[in-house]
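Given only the sequences and the hints, what does the whole structure look like? Please build it.
Under my numbering, the first residue of the sequence shown is numbered 69, with each subsequent residue one higher.
None of these hints come from the bench; they were simulated from the model.
Worth double-checking, as some hints may not be accurate.
[Claimed, not checked] Derived DSS-like pairs: lysine-lysine, alpha-carbon spacing no greater than 25 Å straight-line:
(1) K324 <-> K358
(2) K324 <-> K311
(3) K311 <-> K331
(4) K134 <-> K324
(5) K358 <-> K311
(6) K331 <-> K197
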Amino acid sequence: MLLSLYSPFVSIGHFHCHNHQNHISPPSTTKLASPPYLYRRKKERRSVITLFSVSMEICGVDSEGKEFDSVQDMWREEIGEEGDETRKTQWYRDGVSYWEGVEASVDGVLGGYGHVNDADIIGSEVFLKTLMQERLVNGGANQHLVALDCGSGNGRITKNLLIRYFNEVDLLEPVEQFLDAARENLASAGSETHKATNFFCIPLQEFTPAAGRYDVIWVQWCIGHLTDDDFVSFFNRAKGCLKPGGFFVVKENNAKKGFVLDKEDHSITRSDPYFKQLFRGCGLHLYRTKDQKGLPQELFAVKMYALTVDTPPKIHRTRSKTHSNRPQMIK
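See the structure below:
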């Protein structure tokens, strides 16, 4: 998947939600992300207003400093009322146009921050290895493992990480120039048993993967280009593509509070509570999270989420006999 840092810096200052007394300070940071997808699918639509009917507290700001009392207000302004396909299509088209003007090199797609590549890969690899040990039989040993790289861009994540752990990696990328670069970058990577298999230059919403094909679906720095209803639609559709024990990894920028809308590339940086609410709306279970370390301070915080279709087992801890008879504080 393609990683990229949004420029210019988002410097907005303080803003407040009119339905709150507290002030929120969005980070004065650059954003990591991938090229946006084109989403035109009309099925499996879910109203943003319905999804957030109990979450009016989600408020935010855009890169021009405009404040929004609710996420619903922001989406109405950006894509119109529910069912306005013309404005929604334009939202995605404008986002793709932005990325079509970006060089398909690592430094280009990272917005001039190519030096964060190593830290990003190291953080992702530690997270992935833990998940594979916990979720896959024998850590995936002696199994034919397949991954889907969503928003694959120029193939950086596949080449540096996924192809080393999976026998097959499918790349899904709607920006043709990035996918062409990925083919070239991966031509000599891997081996007969670890290789990039399919290169899909298809908008994610139009993509229908084979049921039960993937052990891992990796989604990094691209989901910020999706509207909330398309976010939910994507994961609902993709759940059926996972093998038993399979999981999603979502690695994304996190706003400190609410959301920050980027007017230039048409993307949204969501806060951790915002993400978690969307995951619940998808019927996914949060299995594990981890903060990415080692990135420049001027960037947004980055968090990794492991998501499963099945409910994670509860861990039952028993108190030792030494402590069992001690007085307990009533909470």
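Inset, instruction - Would you mind confirming whether the straight-line C-alpha gap from K311 to K331 stays at or under 25 Å? - result: Judged against 25 Å, a Cα distance of about 38 Å means the pair is violated.
Inset, instruction - Take the C-alpha atoms of K358 and K311, compute the straight-line distance between them, and say whether it is at most 25 Å. - result: 23 Å, holds
Inset, instruction - Please work out if K134 and K324 have their alpha carbons no farther apart than 25 Å. - result: 17 Å, holds
Inset, instruction - Take the C-alpha atoms of K324 and K358, compute the straight-line distance between them, and say whether it is at most 25 Å. - result: Between K324 and K358 the Cα gap is close to 16 Å, so the pair holds against 25 Å.
Legend entry - Straight-line alpha-carbon gap K331 to K197, limit 25 Å: 36 Å, violated
Legend entry - Satisfaction of hint between K311 and K324, Cα-Cα up to 25 Å: Violated, at roughly 34 Å.
Violated hints, in rising order: 2, 3 and 6; the structure is consistent with all others.
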